[in-house]
Structures are given as C-alpha cells and as structure tokens.
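Construct all of the structure, not just a fragment, from the sequences and the given hints.
Counted from 1, the sequence shown has number 34 at position 34 by the numbering used here; the numbering is strictly sequential.
Check before you lean on any hint, since a few could be wrong.
Here are the computed lysine to any residue pairs in the SDA-like style, where the Cα-Cα straight-line distance is at most 20 Å [unchecked claim]:
| id | residue 1 | residue 2 |
| --- | --- | --- |
| 1 | LYS87 | LYS325 |
| 2 | LYS137 | LYS225 |
| 3 | LYS148 | ASN71 |
| 4 | LYS40 | ILE72 |
| 5 | LYS225 | PRO143 |
| 6 | LYS148 | SER69 |
| 7 | LYS419 | MET554 |
| 8 | LYS380 | ILE558 |
| 9 | LYS377 | HIS272 |
| 10 | LYS325 | VAL472 |
| 11 | LYS380 | SER300 |
| 12 | LYS390 | VAL430 |
| 13 | LYS137 | GLU68 |
| 14 | LYS325 | THR53 |
| 15 | LYS40 | PRO168 |
Pairwise CB distance ranges, derived in the manner of DEER restraints [stated by the list, open to error]:
| id | residue 1 | residue 2 | range |
| --- | --- | --- | --- |
| 16 | GLY432 | ARG345 | 28 to 36 Å |
| 17 | ALA453 | PRO276 | 34 to 42 Å |
| 18 | GLU477 | SER456 | 31 to 39 Å |
| 19 | ASP527 | ARG341 | 19 to 27 Å |
| 20 | SER217 | ILE470 | 33 to 41 Å |
| 21 | ILE521 | ILE470 | 14 to 22 Å |
| 22 | SER471 | GLN211 | 33 to 41 Å |
| 23 | HIS74 | ARG196 | 20 to 28 Å |
The set of hints was computed from the structure by calculation and includes no laboratory data. Quick caveat, the model's predicted, so the values are computed rather than measured. We put the CB at the ideal spot given by N, CA and C, even for glycine.
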Amino acid sequence: MRGAVKTVAVFLVAWSWTLCGQADVIKAAVDKTFNQSPFKYELRELNRCQTHTVYAISYPSPIVSDLESNNIVHGEFFLPHGLPLTKSHPAVVINHIIAGGFELERMMCTILAHNGVVAMFIMMPYYERRGDNRGSKQMLESPDRFIKSLEQGVQDNRRAVDVLASRPEVAVDKIGIGGGSLGAITSASVCGFEPRIERAFLFLGGGNLEQIFRHESREAAPFRKFIDSLDDASREATLDTLRRLDPISQGEALQRLSRFDRLRMICAAEDHIIPPECSQALAEAAGCIITWLPGVDHYSIASQSAFIFAELVDFFTERRPSEWKPVGMGDNDNPEVVGLRMLARFLQELNLMLTGTPAPGCGHRLNVRLAINYEGKSHKAEVLLTRGSKGWYALSANGPKFGQTAFGQAEHPWMANAKESLYVGSLNAVEGRRFSAFIPPEQLLKYQAATGALASVAMMPEMLTSSTGISVTPTSEGMTRVAIDVPHPNFFGRINLVFDAKGALKNSFFSVGGIQGTLEISEWRLDAETPEADFRPPADRIAHEVNQEDVLRMTAAIFNRLLEPVNFW
Numbered sequence: 001m002r003g004a005v006k007t008v009a010v011f012l013v014a015w016s017w018t019l020c021g022q023a024d025v026i027k028a029a030v031d032k033t034f035n036q037s038p039f040k041y042e043l044r045e046l047n048r049c050q051t052h053t054v055y056a057i058s059y060p061s062p063i064v065s066d067l068e069s070n071n072i073v074h075g076e077f078f079l080p081h082g083l084p085l086t087k088s089h090p091a092v093v094i095n096h097i098i099a100g101g102f103e104l105e106r107m108m109c110t111i112l113a114h115n116g117v118v119a120m121f122i123m124m125p126y127y128e129r130r131g132d133n134r135g136s137k138q139m140l141e142s143p144d145r146f147i148k149s150l151e152q153g154v155q156d157n158r159r160a161v162d163v164l165a166s167r168p169e170v171a172v173d174k175i176g177i178g179g180g181s182l183g184a185i186t187s188a189s190v191c192g193f194e195p196r197i198e199r200a201f202l203f204l205g206g207g208n209l210e211q212i213f214r215h216e217s218r219e220a221a222p223f224r225k226f227i228d229s230l231d232d233a234s235r236e237a238t239l240d241t242l243r244r245l246d247p248i249s250q251g252e253a254l255q256r257l258s259r260f261d262r263l264r265m266i267c268a269a270e271d272h273i274i275p276p277e278c279s280q281a282l283a284e285a286a287g288c289i290i291t292w293l294p295g296v297d298h299y300s301i302a303s304q305s306a307f308i309f310a311e312l313v314d315f316f317t318e319r320r321p322s323e324w325k326p327v328g329m330g331d332n333d334n335p336e337v338v339g340l341r342m343l344a345r346f347l348q349e350l351n352l353m354l355t356g357t358p359a360p361g362c363g364h365r366l367n368v369r370l371a372i373n374y375e376g377k378s379h380k381a382e383v384l385l386t387r388g389s390k391g392w393y394a395l396s397a398n399g400p401k402f403g404q405t406a407f408g409q410a411e412h413p414w415m416a417n418a419k420e421s422l423y424v425g426s427l428n429a430v431e432g433r434r435f436s437a438f439i440p441p442e443q444l445l446k447y448q449a450a451t452g453a454l455a456s457v458a459m460m461p462e463m464l465t466s467s468t469g470i471s472v473t474p475t476s477e478g479m480t481r482v483a484i485d486v487p488h489p490n491f492f493g494r495i496n497l498v499f500d501a502k503g504a505l506k507n508s509f510f511s512v513g514g515i516q517g518t519l520e521i522s523e524w525r526l527d528a529e530t531p532e533a534d535f536r537p538p539a540d541r542i543a544h545e546v547n548q549e550d551v552l553r554m555t556a557a558i559f560n561r562l563l564e565p566v567n568f569w
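Here it is as structure tokens:
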C-alpha cells in the first residue's frame with residue numbers, strides 16, 4: 001500500500017512539474033498502445049498563455065521508412081491550464097491541410113484548448129522536419145514510398161491517440177479527431193482503423209480519392225501526374241491502397257459515429273478542389289448530413305472561419321465536464337453574458353436600421369452579400385439599402401435571376417431594372433404618399449409585428465431564451481458566435497451570428513425552413529453623412545416620367561410578394 005501511495009505521489013509531482021513548465025524537456029512513457037508496443041514521447045515548452053501551454057511533441061512512428069528523419073513524428077500539444085488529473089476531459093487529434101504551414105491547425109488547437117479541450121496536431125509523413133526539410137513531394141518519388149506514407153499517416157494518428165489516452169487529464173472515451181481538406185480526408189480514414197475515436201469533425205472533406213486526384217485542380221496536379229507516370233502494375237497496386245484507405249471505405253465506422261450525432265461535415269457548395277459530389281458520396285457512405293456553406297469555395301470559405309471554429313468548439317465540448325471554466329474568468333467574461341450583450345446591441349441597431357429616422361443630412365446604410373442553397377441549387381445576391389429622413393430611401397439588388405434592380409424614393413418614387421429602363425413617378429404626384437399605402441393591411445401588419453417584436457427583444461434579449469435556444473461560443477481572433485435555435489414550425493432551424501471583438505456583426509450562417517445561407521456585411525452605418533444624390537435614381541439613365549401611383553404600386557407589389565409566404569401565427 002505504501003508503495004502504491006509513493007508511486008501516485010511521484011506521478012502527481014511529475015505532472016505538476018509539467019504543468020508549471022519547470023523542465024526544458026518532459027519525457028513520458030506510454031505502455032498501453034494500439035499495437036502492444038510501448039513507446040516514449042517528449043514535450044518541450046514553446047509558449048505559455050493565460051489559458052493553456054503549447055508544447056512541441058515528438059514520438060517514434062510505428063512504421064520505419066527508409067528516411068531516418070521521417071521516423072520521428074513531430075507536432076504540437078496544447079494543454080489547458082487547471083485541468084484536474086481525473087481523466088475526465090475531452091481531447092482531439094487535428095490533421096493538417098496539404099500545404100502544411102500549420103497555421104490553421106494551430107488556430108484550431110488554440111481555440112479548443114481555450115475551451116478546456118486537450119488538443120494536438122501532428123505532421124504527416126515527409127512534411128517539414130520529417131522530410132529533412134526537402135519537401136513533402138518526396139513521398140511521390142516511388143510507388144512503394146507513396147503507399148507506405150499513406151499507411152504511416154494512419155498509424156501515426158493511432159499512436160497520437162495512444163498519447164492522449166495516456167494523459168491523466170483525458171477521458172479515454174472522449175478522444176476525437178478532425179481537420180480540414182486533406183486533414184478531413186485523413187481523419188475520416190483513421191476512423192476506419194482506430195476504434196477509440198469517439199467523434200470526428202470534417203470540413204472540406206470528401207471520399208473517392210482517385211476522383212479527387214483526377215479532378216482538374218492545381219492542388220491535385222502532383223498526385224495526378226504521379227499516378228499517370230506509373231506502369232500498369234504499380235498504378236493498380238497504388239489505386240488498391242487508395243481504395244482501402246479511402247474515407248468511403250470506412251463507411252461502417254463512420255456510420256457508427258453518425259448514428260449518435262458524433263460525425264460533423266461542413267463543406268463549401270462551390271468547392272473547386274474537393275468536388276461537391278465527392279463530399280456527398282462520403283456523406284452518403286457515412287449516413288451523415290452535410291452543412292453546405294453556399295457561395296464559397298475551398299479558399300473563400302475562410303470568410304466563414306468564425307462559424308466553423310464555433311461549430312468545432314461546440315462539437316468537441318459536448319461532453320466536457322459541466323463545472324469547467326477558463327482559468328481567471330470573471331463574471332464579466334462569461335460567454336453567455338457577453339453574447340447576449342452583443343445580440344442586444346445588434347437587435348437595437350437593426351431596429352434603428354429598419355424603422356428609425358436618420359438625422360437630417362444623414363442616412364442609415366446597409367450593404368450585404370447573400371448566398372443561399374435551396375433544393376440543391378445555389379443563388380447569390382448583393383443588397384444595398386440607404387434610408388434617409390423625410391421617408392427617402394434607395395434599395396438596389398443584384399442577383400443572377402433578376403440582374404441589377406433598384407428602386408427608391410427621393411423627390412419622387414423611382415424604379416430601375418436591368419434593361420437600362422428608369423421610371424420616375426413624377427406625374428400626378430401626391431405629396432407625402434408612399435408605397436406602404438398600397439400594401440394590403442394584413443401584409444403590412446406582418447411587418448409591423450416583426451419590427452415591434454424586434455424592438456421588444458432588443459430591450460430585453462433574455463426574452464428569447466424562453467422561446468428559443470441560445471448558445472454562445474467564443475471563437476477565433478476575439479470573435480463570438482451566437483447561435484439562435486428557431487422552434488417555429490414554418491421557420492425551424494438555426495441562425496448563427498458572428499460578432500467581431502468590438503461587438504459588430506460580421507457575418508451569419510443560417511439553416512432555416514430547408515434553406516441554408518451565408519450572409520456577409522460589408523457596410524453597416526447608422527446616421528452616416530449621406531448626400532441627397534444617394535437617394536435619387538441613377539444619373540446615367542434616361543428617365544421615363546410616369547404616374548406616381550404606378551411606381552408606388554409596383555414597389556408595393558414587390559414587398560407584398562416578399563411578405564405573402566411569411567406566417568408568424
């Protein structure tokens with residue numbers, strides 16, 4: 001008994017030493033492994049911040065290659081401060097993108113560690129130091145090396161799980177995996193070979209590796225060229241290995257995760273590197289529903305990074321101990337309080353944008369880009385709204401279906417369309433008459449009810465918590481995601497609002513009533529100095545003078561069409 005107590009004491013002291021960062025290099029042994037081969041790993045402190053410490057990590061690869069430097073796995077290990085040594089917290093292995101660099105992976109691990117999740121990323125075979133700094137393309141020097149590198153990447157991940165499972169902070173049944181692009185593909189493949197993976201987060205991933213490599217993209221060109229250069233026997237052997245390691249071939253394991261909502265896929269609707277049909281094929285094999293981000297491709301999806309990181313955090317903290325909170329967090333730092341404060345400010349400003357009267361000589365200006373995905377089809381639009389005093393306004397929209405359309409109210413109402421026509425309602429004009437006079441009362445009531453509810457909620461956003469679900473997630477670069485679950489049967493879904501560090505809304509992703517969409521705000525100004533010319537019709541078009549009532553009725557018809565399908569009751 002005394003020996004056991006002494007062993008535990010030494011163990012705790014050793015880990016306290018680790019947490020305090022008093023040793024240059026910490027060495028630890030892992031006895032329980034996937035292949036019954038014990039090994040040791042090393043940690044060397046790189047950086048210490050308020051919430052966590054970052055270590056360089058290294059351990060021997062389970063597979064020995066012909067390049068000595070490739071036989072040591074390197075990566076970075078992110079350990080949150082203050083975690084109890086009770087094997088209760090979740091942990092995640094992150095796999096990297098094809099370009100290396102590891103900035104994306106560092107951001108993912110940082111945001112996870114900030115939220116109480118132990119995280120690490122590892123370098124794939126032949127990357128950086130593992131390739132003796134001669135480039136990852138070394139793996140394409142021969143068919144044998146390429147095949148072994150693919151298998152080695154899977155085995156290296158399994159050993160990373162060994163490391164996490166050995167940690168005194170980590171629950172063995174809460175170890176996940178994730179990554180983007182190549183990292184998503186690698187992570188999905190690992191799931192088929194590593195039964196200890198409890199959940200997987202895949203963004204920009206897909207299946208059918210041969211089709212991905214054959215796809216005409218710059219990023220796939222080296223692999224395409226390599227496969228084409230092989231003789232028939234080598235090519236078939238290589239493709240056999242690809243098929244065996246292909247994420248689609250891991251369908252049974254992925255379905256096991258998906259069945260319990262432990263598989264998450266987020267993809268770009270216009271991805272030009274991982275074809276959307278390859279993503280869909282993986283989703284079907286895994287029994288998973290993809291969250292499609294409309295209007296973005298493999299690189300422009302970066303505009304939605306705050307949303308993706310918030311989803312990452314929510315996904316991997318689902319089983320985090322409820323009593324956890326960041327080291328040094330006070331009441332004013334509580335994410336729920338901060339998020340509700342940001343939401344209240346946004347709703348107040350939105351209400352002013354839609355109903356408030358600007359000061360004379362000023363205007364409220366809103367410029368947004370919208371992309372939606374509905375019934376498998378993507379649509380994009382850009383909208384610019386300028387509202388002024390005296391009931392003046394200008395609204396322009398540009399989309400693939402209707403082209404460039406604009407209408408407004410200055411001295412007279414006006415309307416312009418994509419065919420260069422311009423109608424100004426200057427004939428038989430009645431002073432002070434606006435298009436709202438021609439909207440049916442029952443439709444106008446919907447708008448008034450919506451803006452009235454908006455004003456009420458803006459004063460007390462806590463009202464939303466009684467009828468909707470609200471969750472707040474701090475994400476990257478000081479941004480905060482506020483997610484609002486909408487239970488209404490006609491609008492069932494979720495609205496995600498991403499605020500910057502100053503509390504300004506930057507973008508949104510929503511999935512409501514069967515429609516998925518992204519919204520980016522490029523301009524949001526209240527009471528900005530605005531010249532009267534901004535409300536007048538385009539000066540470069542020939543104006544056709546028509547009856548004021550005709551223009552007002554046409555404008556009212558547009559708003560009536562938008563309000564008709566809306567049913568709040």
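Status of each hint after checking the structure:
For a cut-off of 20 Å, the pair hint linking LYS87 to LYS325 stands: about 17 Å separates their Cα positions. Pair hint LYS137 plus LYS225 holds up; C-alpha atoms about 12 Å apart against a cutoff of 20 Å. For the suggested pair LYS148 and ASN71, the alpha carbons sit about 12 Å apart, so the restraint of at most 20 Å is met. A hinted pair counts as satisfied when its Cα atoms are at most 20 Å apart, and LYS40 with ILE72 qualifies at roughly 11 Å.
A hinted pair counts as satisfied when its Cα atoms are at most 20 Å apart, and LYS225 with PRO143 qualifies at roughly 12 Å. Between LYS148 and SER69, the direct Cα distance comes to roughly 15 Å. Compliance with the 20 Å bound is thereby established for this hinted pair. A hinted pair counts as satisfied when its Cα atoms are at most 20 Å apart, and LYS419 with MET554 qualifies at roughly 16 Å. The hinted pair formed by LYS380 and ILE558 meets the criterion: a straight-line CA distance of about 18 Å does not exceed 20 Å.
For the given pair, LYS377 sits about 16 Å from HIS272 by alpha-carbon distance, which is consistent with the 20 Å threshold. Restraint check: the Cα-Cα separation between LYS325 and VAL472 comes to about 14 Å, which is no more than 20 Å; the hinted pair holds. A distance of roughly 14 Å separates the Cα atoms of LYS380 and SER300; the hinted pair therefore holds under the 20 Å criterion. Straight-line distance between C-alpha atoms of LYS390 and VAL430 comes to about 14 Å, which keeps the hinted pair within the 20 Å bound.
Restraint check: the Cα-Cα separation between LYS137 and GLU68 comes to about 16 Å, which is no more than 20 Å; the hinted pair holds. Only pairs whose Cα atoms come within 20 Å are accepted, and LYS325 paired with THR53 is accepted, the gap being roughly 16 Å. With a CA separation close to 15 Å, the supplied pair LYS40 and PRO168 stays within the 20 Å bound. At about 33 Å, the beta-carbon gap between GLY432 and ARG345 stays in the expected band of 28 to 36 Å.
Here the CB-CB span from ALA453 to PRO276 is close to 37 Å, well matched to the stated 34 to 42 Å. In this structure, GLU477 and SER456 meet the distance hint of 31 to 39 Å, their C-beta atoms being roughly 33 Å apart. One distance hint, 19 to 27 Å for the beta-carbon pair ASP527 and ARG341, holds here, with the actual separation near 22 Å. A C-beta distance of roughly 40 Å is found between SER217 and ILE470, which places it inside the suggested range of 33 to 41 Å.
The beta-carbon spacing between ILE521 and ILE470, approximately 20 Å, falls within the hinted interval of 14 to 22 Å. Taking 33 to 41 Å as the suggested C-beta distance range, the pair SER471 and GLN211 conforms, at roughly 37 Å. Under the hint 20 to 28 Å, the C-beta atoms of HIS74 and ARG196, about 22 Å apart, fit the expected range.
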